[in-house]
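Visitor: Make a model of the complete structure from these sequences and hints.
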Amino acid sequence: DAGITQSPRHKVTETGTPVTLRCHQTENHRYMYWYRQDPGHGLRLIHYSYGVKDTDKGEVSDGYSVSRSKTEDFLLTLESATSSQTSVYFCASEDNSGNTIYFGEGSWLTVV
Amino acid sequence: GENVEQHPSTLSVQEGDSAVIKCTYSDSASNYFPWYKQELGKGPQLIIDIRSNVGEKKDQRIAVTLNKTAKHFSLHITETQPEDSAVYFCAASKNGKGIIFGKGTRLHILP
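Chains A and B supply the protein sequences, listed in that same order. My numbering puts the first residue of the first sequence at 4, with every later residue one more than the last. My numbering puts the first residue of the second sequence at 13, with every later residue one more than the last.
In short, the hints are calculated from the structure, not lab data. Every value quoted in this text rests on a predicted model; they were computed, and no experiment measured them. Hints are not guaranteed to be accurate.
DSS-like mimics (lysine-lysine), calculated; alpha carbons at most 27 Å apart, straight line [claimed, not checked]: (1) B/K34 <-> B/K80; (2) B/K83 <-> B/K115; (3) A/K60 <-> B/K69; (4) A/K73 <-> B/K106; (5) B/K115 <-> B/K69; (6) A/K60 <-> B/K115; (7) B/K54 <-> A/K60; (8) A/K56 <-> A/K73; (9) B/K70 <-> B/K80; (10) B/K106 <-> A/K56; (11) B/K54 <-> A/K14; (12) B/K83 <-> B/K69; (13) B/K83 <-> A/K60; (14) B/K54 <-> A/K73; (15) B/K115 <-> B/K54; (16) B/K115 <-> A/K14.
If you want the ones that stay clear, here's a sample from chain A, every Cβ over 10 Å from chain B, calculated [what the hints assert, rightly or not]: (17) G6; (18) V22; (19) V55; (20) L78.
Chain B stretches covered by chain A per the calculated footprint, using a threshold of three residues with CB under 8 Å from any CB of chain A [to be verified]: (21) 52 to 65; (22) 112 to 123.
No residue lacks a Cβ here, since even glycine has one placed at the ideal position from N, Cα and C.
Guide: Structure representation (structure tokens):
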């Protein structure tokens, strides 16, 4: 357990509004990730970060941006939420000594 | 990029029997293969992993095998118990660029 907390855990928002999800980890892990989970698609990588201010796109990055101003925090922003972004979002961080990746408990986002 | 295929999507086994879930991957450079268990309403939890320099790894009732030549790996759960009911995901990764998941297997343990 890497002490990963996500906030908010549940959110309902309207189409077109901006939304920011926060991920906080307490293990000083260098790598952090944002995934979304949808029925029939499993977990898909949105963006990842390999250090403060260092981020890169994953396989489903369109419509999302991220920021990493501190090692412990990784923010995911939906600039203008759409109904297709209704999903469960998982943050993860990677053990610095290997590839072990730990997940947070998820953020349920509904865009109406 | 990497693509991970997982089969079956649903698996039902009698309590006490064994369960096997199989995955294939496409990128021969992938070198880390974790398996996650996800219970309803929770995040995925790592249950076992294997690296490309190892062919098999075992931890109590669970084991994972890796065939690098064929690019496939499998999860074996023996003496299944009701608490093994969950969704299981295989994944593949290479050196800190995130892991790519299979689409999951829903395992039902029948009484």
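Visitor: Does the structure keep B/K83 and A/K60 at a Cα separation of 27 Å or less?
Guide: holds (25 Å)
Visitor: Taken at face value, is the distance from the CA of B/K115 to the CA of A/K60 at most 27 Å?
Guide: Holds, at about 20 Å.
Visitor: Is A/K60 close enough to B/K69, meaning Cα to Cα at most 27 Å?
Guide: violated (32 Å)
Visitor: Hey, B/K115 versus A/K14, does the alpha-carbon distance stay inside 27 Å?
Guide: Roughly 25 Å between the alpha carbons, so the hint for B/K115 and A/K14 holds.
Visitor: Within 27 Å, alpha carbon to alpha carbon, are B/K115 and B/K69?
Guide: holds (23 Å)
Visitor: Count the residues of the region 52 to 65 of chain B with a beta-carbon closer than 8 Å to any beta-carbon of chain A: does the count reach three?
Guide: holds (count 8)
Visitor: For A/L78, is the shortest CB-to-CB distance to chain B above 10 Å, so the non-interface label stands?
Guide: holds (17 Å)
Visitor: B/K54 and A/K60 were given as a pair; does the straight-line alpha-carbon distance stay at or below 27 Å?
Guide: holds (25 Å)
Visitor: Does the region 112 to 123 of chain B contain three or more residues whose Cβ lies closer than 8 Å to a Cβ of chain A?
Guide: Since 5 is at least three, the answer is holds.
Visitor: Does the structure keep B/K83 and B/K115 at a Cα separation of 27 Å or less?
Guide: Holds, because 17 Å separates the two Cα atoms, which is no more than 27 Å.
Visitor: Mind checking the alpha carbons of B/K34 and B/K80 for me, to see if they're no more than 27 Å apart?
Guide: holds (14 Å)
Visitor: Beyond 10 Å from chain B, beta-carbon-wise, is A/V22?
Guide: A/V22 is indeed farther than 10 Å from all Cβ atoms of chain B, at 19 Å.
Violated hint: 3 only; the structure is consistent with all others.
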